[in-house]
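Read off the chains here:
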Amino acid sequence: MHIEKVVLRNAVLVKLAGRFEFGTRNEYKRAIGQIVQEGHFRLVLDLEQVTFLDSSALGLLLLTDQNFKLKQGSVGLVKPTGYVRQVLELANLPKVIPVYDSVDDAINATAVV
Amino acid sequence: MSGLPAGLPLRFVLTVPPVESGVEEARHEVLERLRSLALSDDQQFALEFCVHEALVNALVHGIREGGGSCITLDFEADDKRVRVSVKDDGVGFRWALPGLADGHAHDKADSTGLGHTLIRRLMTRVRFTTFSNGIIMELNRERSGQPTPKITPSGSSSPPGIPIEEKKGTCSPSGPAFSALARDVYAH
Chain G
50 MHIEKVVLRN AVLVKLAGRF EFGTRNEYKR AIGQIVQEGH FRLVLDLEQV TFLDSSALGL
110 LLLTDQNFKL KQGSVGLVKP TGYVRQVLEL ANLPKVIPVY DSVDDAINAT AVV
Chain B
5 MSGLPAGLPL RFVLTVPPVE SGVEEARHEV LERLRSLALS DDQQFALEFC VHEALVNALV
65 HGIREGGGSC ITLDFEADDK RVRVSVKDDG VGFRWALPGL ADGHAHDKAD STGLGHTLIR
125 RLMTRVRFTT FSNGIIMELN RERSGQPTPK ITPSGSSSPP GIPIEEKKGT CSPSGPAFSA
185 LARDVYAH
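One line per chain: the protein sequences are G and B, in this order.
Sequential numbering of the first sequence, starting at 50, is according to our numbering.
Sequential numbering of the second sequence, starting at 5, is according to our numbering.
Please note: incorrect hints may appear among the correct ones.
[Claimed, not checked] SDA-like, lysine to any residue: derived pairs with alpha carbons at most 25 Å apart: (1) K54/G - E97/G; (2) K144/G - F49/B; (3) K64/G - R125/B; (4) K144/G - G117/B; (5) K128/G - R129/B; (6) K78/G - V23/B; (7) K128/G - D46/B; (8) K120/G - R68/G; (9) K144/G - L118/B; (10) K144/G - R125/B.
[As the list claims (entries may be wrong)] If you want the footprint, here are the derived chain G segments under chain B, 3+ residues with CB under 8 Å: (11) 75-84; (12) 92-100; (13) 113-122.
Keep in mind the hints are simulated off the structure, nothing from the lab.
Using N, Cα and C, we set each Cβ at its ideal position, and we do this for glycine too.
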């Protein structure tokens, strides 16, 4: 999985690409851990280029959301496509973590939380 | 490729080295076989997802947490259904949960995790087995509204005439690479 981080206004945008799954969980953990260490607690995860997402990834997303909320922060997801969106919906994740159609929408919503 | 006839039915058995790379190679092997079936995109995705989840569950709960040493995947398909069972020899599920402990396969299970929840939503039928610490997943290939065919219990023989390909690997993590394992093809 490829992970790219961009600091934008009051949030950090993390673009994920490829398979987000059990086998790539540690890459995600390291990236998010670094963001937390840097003191950022408003996170936007761009999922547009994610091609596969499993229950390990769902668990990590829920854990990230929980941890960021504990720090009065927030997490938003952007543009999951195809079966990635289907898996998120099957797991009812959008009821817990908001899903946005664009990075701008997510940044704007995240900034006012 | 497999050396199997191009048409259905199809059956193969994989012994998966109990490490992440072994699980990954087994997933690729299944994907390759799925492409030989005339499945819809949704069916192909459902099977890819559920096989991945079952293998990871076996690795994490059966091998790492459950003290097991071996994962076996049994894949069977005909024109009506695809059935995949994944089992391990570890402790696995918490059988003390109500409805899981009487030694038979079940259609219901509680508190077995998000992966299992998604598997149950994507597959036509899911059963958990105590006697082999495994999961049996079945996807109906027929149109909705038609009856789901009866499936045979885990471990039973295939109907006569179905060729079985078996990849006998080692259960040792330090064993040979999955793709390099010896392959035996025989009619059952």
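Okay, the hints, checked on the actual structure:
no. : hint            : result
1   : K54/G - E97/G   : holds (14 Å)
2   : K144/G - F49/B  : holds (23 Å)
3   : K64/G - R125/B  : violated (29 Å)
4   : K144/G - G117/B : holds (18 Å)
5   : K128/G - R129/B : violated (31 Å)
6   : K78/G - V23/B   : holds (20 Å)
7   : K128/G - D46/B  : holds (20 Å)
8   : K120/G - R68/G  : violated (28 Å)
9   : K144/G - L118/B : holds (15 Å)
10  : K144/G - R125/B : holds (18 Å)
11  : 75-84           : violated (count 0)
12  : 92-100          : violated (count 0)
13  : 113-122         : violated (count 0)
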